[in-house]
Structures are given as structure tokens and as C-alpha cells.
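As given, the protein sequences belong to chains S and E, one line each in that order.
Residue numbers for the first sequence follow the working numbering, so the first one is 1 and each next one is one higher.
Residue numbers for the second sequence follow the working numbering, so the first one is 1 and each next one is one higher.
No lab work stands behind these hints, which were simulated from the structure alone.
Careful, some of the hints might be misleading.
It does not matter which identical chain is meant; a pair holds if it fits inside one copy or across any two.
Unchecked claim - List time: in silico DSS-like cross-link candidates among lysine-lysine, alpha-carbon distance up to 30 Å: (1) K116 with K154; (2) K154 with K26; (3) K59 with K177; (4) K259 with K59; (5) K259 with K116; (6) K177 with K154.
There are 2 protein chains.
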Amino acid sequence: MPALAPRTKQEPATFSIDSYLADCRKLALTEIERQIPTDARHTAGLYELMLDYPLRPAKALRPALCMAVCLALGGHMEAALPSAAAFELFHNAFLVHDDVEDDSLLRRHAPTLHRKYGVPIAVNVGDSMLALALQPLLDNVEVLGLGGALRIFKVFARMARESVEGQMLELAWIRGKRWDLRDRDYVRMVHKKTGWYSFISPVQVGALAAGAPAATVSALGRFALTLGIAFQIKDDLLSLEGTEAEIGKDALGDLWEGKYTLPLLHALRTVSDTERQQAVSILSRPRGERDEPAVRRLHAIVTGNDGASLRHARTVADRWAQRSRRALDDVFVAAPDSIHRRFLHELVGFVTQRSS
Amino acid sequence: MPALAPRTKQEPATFSIDSYLADCRKLALTEIERQIPTDARHTAGLYELMLDYPLRPAKALRPALCMAVCLALGGHMEAALPSAAAFELFHNAFLVHDDVEDDSLLRRHAPTLHRKYGVPIAVNVGDSMLALALQPLLDNVEVLGLGGALRIFKVFARMARESVEGQMLELAWIRGKRWDLRDRDYVRMVHKKTGWYSFISPVQVGALAAGAPAATVSALGRFALTLGIAFQIKDDLLSLEGTEAEIGKDALGDLWEGKYTLPLLHALRTVSDTERQQAVSILSRPRGERDEPAVRRLHAIVTGNDGASLRHARTVADRWAQRSRRALDDVFVAAPDSIHRRFLHELVGFVTQRSS
Chain S
1 MPALAPRTKQ EPATFSIDSY LADCRKLALT EIERQIPTDA RHTAGLYELM LDYPLRPAKA
61 LRPALCMAVC LALGGHMEAA LPSAAAFELF HNAFLVHDDV EDDSLLRRHA PTLHRKYGVP
121 IAVNVGDSML ALALQPLLDN VEVLGLGGAL RIFKVFARMA RESVEGQMLE LAWIRGKRWD
181 LRDRDYVRMV HKKTGWYSFI SPVQVGALAA GAPAATVSAL GRFALTLGIA FQIKDDLLSL
241 EGTEAEIGKD ALGDLWEGKY TLPLLHALRT VSDTERQQAV SILSRPRGER DEPAVRRLHA
301 IVTGNDGASL RHARTVADRW AQRSRRALDD VFVAAPDSIH RRFLHELVGF VTQRSS
Chain E
1 MPALAPRTKQ EPATFSIDSY LADCRKLALT EIERQIPTDA RHTAGLYELM LDYPLRPAKA
61 LRPALCMAVC LALGGHMEAA LPSAAAFELF HNAFLVHDDV EDDSLLRRHA PTLHRKYGVP
121 IAVNVGDSML ALALQPLLDN VEVLGLGGAL RIFKVFARMA RESVEGQMLE LAWIRGKRWD
181 LRDRDYVRMV HKKTGWYSFI SPVQVGALAA GAPAATVSAL GRFALTLGIA FQIKDDLLSL
241 EGTEAEIGKD ALGDLWEGKY TLPLLHALRT VSDTERQQAV SILSRPRGER DEPAVRRLHA
301 IVTGNDGASL RHARTVADRW AQRSRRALDD VFVAAPDSIH RRFLHELVGF VTQRSS
């Protein structure tokens with residue numbers, strides 16, 4: 001882990017966001033593996049199944065955010081490591097349950113867990129990751145003391161609540177066939193559903209692990225909130241524009257699953273009445289009844305529209321990314337330069353330019 | 001809550017285990033409702049769904065165990081209350097996910113959550129209850145201090161792990177069509193799957209909330225472990241012998257679902273080869289393909305067998321209940337008498353005699 005070992009060393013000549021992410025991921029996975037009980041008899045292979053998703057190729061963005069913020073603020077890697085592992089477990093638990101809920105076919109270039117082992121085992125593997133995530137939060141006591149561990153636990157409790165509320169919001173829209181939504185509805189849902197657990201909490205916990213003052217924790221929350229929304233809109237665009245090889249899940253997966261995306265909602269507000277009715281009729285079918293021609297038609301409606309819906313999404317994503325960059329600069333205006341700070345800075349550009 | 005208000009008042013002339021349970025349940029539900037965010041806008045009715053199972057008629061045994069142990073050891077109700085609410089939330093989360101995993105039709109005299117609202121919402125409601133259960137564990141800090149809250153959190157972390165391991169054990173047996181199991185395999189699975197979260201943890205947390213010494217916590221763990229196994233075997237017998245009105249879920253539900261029960265496993269070991277082959281062939285079908293005549297045939301095989309399998313299960317349950325009673329007496333040999341102690345004592349008899 002050369003990139004992460006020293007806290008304030010000279011930046012290497014060739015800083016790469018990918019290798020920074022890879023280093024963080026390796027550390028987080030090692031920490032997750034350390035959490036697995038050594039006596040795993042009578043567990044029927046549960047822990048191998050639990051590692052299935054985490055070991056598939058992935059960015060492990062959440063651990064990296066937590067670690068980078070902690071190190072950028074002068075904290076130690078050991079202070080962030082247990083929480084980073086907990087975030088990765090929590091994230092993967094949500095992926096497994098999400099895949100069940102959406103009946104997705106592919107995740108990270110391979111069949112989803114419930115498609116491999118059935119819904120019962122997949123639901124339980126998700127629960128198991130949530131259960132295992134409690135252990136590193138206890139380990140925080142040794143590294144950060146009771147007070148520090150408690151502050152971090154509070155963030156996790158809030159995060160868990162926001163995530164399930166956001167998920168419910170989306171599921172209720174799907175169930176209610178709600179297709180008349182504004183950008184602000186979308187932003188609220190995304191903020192709760194993925195913003196809290198993917199961005200806000202990892203960043204705030206990283207700051208708490210470094211012992212940062214409350215004002216810094218809040219300011220970093222603003223950075224993370226805005227970054228998360230930019231990230232999600234970019235994710236929406238990728239699902240419309242990327243190939244399966246690039247995105248690691250079903251190409252056009254969001255359309256197959258009838259997911260709420262910013263470009264889709266914009267298209268529904270702005271295309272002709274005929275196209276809107278066509279789109280809503282396709283989206284209102286249960287997933288199993290949405291076939292290839294229907295999904296292609298939906299794709300044509302969203303990406304057509306004179307390109308206005310894609311342009312709108314790009315513009316909105318860029319606006320959130322700019323806010324994010326400003327919030328980050330505010331925090332680090334007086335902080336020493338480091339590769340960790342550089343990672344956070346480049347991440348904003350990476351999110352808006354990424355192709356996977 | 002007349003029965004619970006004073007700690008050591010004279011026993012009322014008519015002590016009833018049912019009214020003791022009802023009092024505890026009322027307190028636990030109030031505490032759960034207190035945990036629900038007051039600003040529940042933009043949550044799409046999630047919290048009403050979360051209360052669906054807890055508000056259905058139920059014993060709420062876990063909160064009662066936690067409270068009774070705490071009070072019997074001289075602790076205060078307020079010290080046990082947050083944990084009691086967390087146990088009830090955790091239990092209901094597991095019921096919701098279990099019902100998805102087993103595709104059960106009825107729970108507590110009404111359709112299961114996923115049958116009412118679909119699998120996606122049910123999985124998320126289960127996750128939501130797990131998320132909300134973190135909050136009372138934080139509240140413990142105010143009542144018990146950081147150290148006390150931490151000791152209880154440790155029990156919850158272990159409990160969550162044991163539960164998902166036990167669940168995996170059972171799901172792996174189902175998937176592997178394992179029907180050649182001994183009583184000790186069954187006991188190990190039950191110990192992990194329900195023993196930890198239904199008995200051992202509530203009792204140990206109750207003791208910790210009362211500030212009991214480690215030796216008392218351990219001894220109460222033995223009481224709870226043995227009681228839990230007796231309880232589960234009695235549950236197995238009820239599913240074979242009870243009517244739907246009595247047990248609140250599908251009559252013969254365990255056979256419909258192909259659940260591992262002590263009487264079934266005994267029958268498979270002792271009936272004729274022909275009957276065993278018939279039974280295994282029925283059990284090996286996916287649930288959807290097990291029809292009424294098949295389930296009736298299975299029922300006849302298990303309850304037939306000259307009554308030997310039912311007798312065996314009753315004998316084994318009684319043996320565990322006796323151990324439980326002895327363990328309880330050891331703990332309370334020198335403690336003052338109280339309705340809480342009486343509740344625990346009568347619970348052992350109740351478990352082996354209960355009809356619902």
C-alpha cells in the first residue's frame with residue numbers, strides 16, 4: 001500500500017485515483033476478512049457467501065472516502081479502518097437486498113446472489129452483512145475510546161434510517177405508478193436512499209475518526225451531499241449510455257427495472273403526449289412483462305427528445321459537482337496538501353467524467 | 001400497568017402470566033412508537049408498515065424476558081426498556097424476512113407482509129426494523145452510561161451473528177435436501193437460529209441492565225438456552241397438533257414449509273423405509289409443489305409411528321424444561337421473591353404446556 005502508508009509524504013509523480021481506490025479497497029477487504037469469526041464451523045458456508053459481492057471487482061468508494069477524509073485531516077488509518085469495513089459491509093448488504101427487490105440479473109459482471117442461490121439465502125446473506133457490520137463499530141472503542149465510538153455509531157444509526165426511508169420512497173413510487181415527479185422529488189429520494197450511506201456518512205465518520213471539530217464535520221457533510229447527487233445523476237446517465245461491459249450490470253438496467261432517473265423524469269415532463277403515454281404504459285408494466293422492444297422504445301424516448309433530457313441531466317450533475325468542489329475547498333483552504341486531499345479533489349472531477 | 005409498577009410489592013392474589021406478558025408488551029410497544037421519528041414526512045408510510053407485525057396479537061415474549069430478569073434482579077424498568085424495544089424490533093424484522101424466505105402465507109392471524117405488499121417492500125420493512133433497533137441501543141447510554149450501553153451492544157452484535165448463522169444452517173439443509181439429521185444437529189440449529197435472540201440475549205441483557213455480576217449473567221444464559229430449546233420443540237408440536245386459530249399461522253405450516261422439527265426428524269429416523277422414502281420425496285419438492293394430500297400424508301407419517309415421534313419430542317422438551325427450571329432456581333436461590341421471579345418460574349411450565 002505505498003500510496004497510503006505515510007500521512008504527508010510528497011505526492012508521487014503519477015497520482016492515480018484508481019490506484020488510490022484500489023489501495024483503500026485492499027485494506028477494507030482485509031479488515032472485513034479479519035471480522036469473520038475464526039470458528040466458522042456450523043455456519044454452512046455463510047461467510048464465503050458474504051464475501052461474494054465484496055470480492056467482485058468494485059471501486060469500494062465508501063471505504064476510500066472514509067479513509068481519505070480521516071487521513072486528509074491528519075488522522076490515522078487505524079482510526080478509520082473499522083468504520084470503512086462497516087461501510088463496505090453495509091453497502092454490500094444493501095446491494096444484495098436491492099437486487100432481490102428489483103430482481104436484477106447481474107451485479108458486477110456476474111449473476112446476482114439471489115439468481116445464484118435463491119431469494120431465501122440472498123435475504124439472509126444481506127442480513128448477515130448487516131450483523132457483521134456491528135462488530136467493527138464495537139472495535140472502534142479500542143481505537144477511539146467510548147466517546148469516539150459512540151459518535152460514529154450515532155452516524156451509522158442515522159444512516160441506516162435514512163437509507164431505508166429513501167428505499168421506501170422509491171418502492172412506494174413504483175407501487176403507486178408515480179411518474180409525475182420533479183427534480184426536487186428525485187433529489188430528495190437520492191439524498192436519502194444513497195446519499196447518506198454512500199457519501200455523507202463515510203465522509204463524516206472519516207472526520208470523526210480524525211477527531212475533527214463539529215464545524216468541519218458539517219462542512220464535509222455538505223461536500224458529500226452534493227457529490228452524492230452528482231454521482232447518482234452520472235450513474236443514471238451511464239445506465240442509459242454505457243455498455244454492459246462498462247457498467248457491470250444489465251445494460252439499460254435502470255429502464256428494465258423501471259428505476260427513477262433524472263433523465264427519465266425530465267423526458268416524461270417534456271416529450272410529446274403520445275411519447276409520454278407510451279413511456280408510462282411501458283414503465284407501469286411489472287418488470288417481468290417489460291420486453292426488449294419495450295425497453296428499446298423507452299430508451300429511444302429518453303435519449304431522443306432532441307437530446308434535451310440527457311443534456312439536462314448533465315447540466316444538473318455538473319451544477320451539483322461545482323457546489324461539491326466549492327464545499328471541499330472551503331474545508332481544506334488552510335489544510336496541508338496531501339495525496340488524500342488530492343484524491344478527494346479529483347474525485348469530484350472523476351464522478352462527473354467517469355465511464356464506469 | 002399495575003402488575004409492573006412497584007418493584008417488590010405483594011404478589012396480587014391472581015397472578016396471570018398472560019397479563020404479565022400483556023403489561024410488558026404494552027410498555028415495549030410504547031417505547032417502539034417513541035423511537036419513530038416525529039418528522040416522518042417523505043417516508044411513504046414506512047413507519048406504519050413497520051408497526052404492522054408488532055401490533056398484531058402476539059406475546060412479546062422477548063421484551064417480557066428482558067424486563068422480568070432486570071426487575072427480578074432489583075433493576076429498574078427504565079434500564080430495560082430501550083433494549084426490550086430493540087429485541088421486539090429485531091424479532092419482528094426476522095419474522096418479516098423469515099416469511100419472505102419461507103414464502104409463508106399467514107402470520108399472527110393475517111396475511112404475511114410480503115403477501116400484502118410484495119417482496120420488495122417486505123424486505124425493506126425488515127431492514128427498517130433492524131435500522132430502527134439501533135436507536136434504543138444508543139438511548140441506553142443515557143440510562144446506563146457508556147460502559148453499560150457498550151456491554152449490551154456487545155450482546156446484540158453476537159446475537160445478530162448467531163441468528164443469521166442459524167438461519168443459514170437451516171437454509172443450507174433445505175437446499176441440500178438434508179433429511180438425515182440427529183437431535184443434536186437440530187438443537188445446534190435452534191440454539192443459533194432462535195435461542196440466541198429469543199431467550200439468551202433478552203435474559204442476559206436484562207441482567208446487564210440490572211447491573212448483575214458476570215456469574216449471574218452466565219447462569220441466566222444457561223436458563224435461557226435450555227428454555228429456548230424446550231420452547232422450540234413445543235412450537236414444533238403445536239404446528240403438528242394445533243389449529244390455525246390456535247397458532248395464528250398456517251395449520252401444519254411447518255410441514256407445508258418443509259421446516260426441520262424434532263418430531264419430523266425422529267419420524268424420519270424411525271418409520272419404515274417405505275414411509276421414510278414417501279416423506280423425503282414430499283419434503284424434497286419445492287414448497288409450491290407440496291399439495292394438501294402430500295402435506296396430510298406427511299402429517300400422518302409423523303403423528304402416526306405409534307405416536308413415538310410426538311412422545312419423543314415431548315420427552316425431550318420436558319428434559320430441557322427441567323434443566324431450565326434448575327438453572328433458574330440456582331440463580332434466584334437467595335433472591336427476594338417477586339412477581340418478576342414468579343413470571344420467570346411459571347414461564348418454564350407455560351412453555352411446556354402452552355397451546356398457542
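Now for the hints, and whether the structure bears them out:
1. K116 with K154: This pair counts as neither: shortest intra-copy Cα distance 35 Å, inter-copy 33 Å.
2. K154 with K26: Answer is both: 26 Å inside a copy and 27 Å across each meet the 30 Å cutoff.
3. K59 with K177: neither (33 Å within a copy, 38 Å between copies)
4. K259 with K59: within (22 Å within a copy, 40 Å between copies)
5. K259 with K116: Both. Shortest intra-copy (23 Å) and inter-copy (22 Å) distances satisfy the 30 Å Cα cut-off.
6. K177 with K154: The answer is neither: 35 Å in one copy and 43 Å across copies each exceed 30 Å.
Of the numbered hints stated above, those contradicted by the structure are hints 1, 3 and 6, listed in ascending order.
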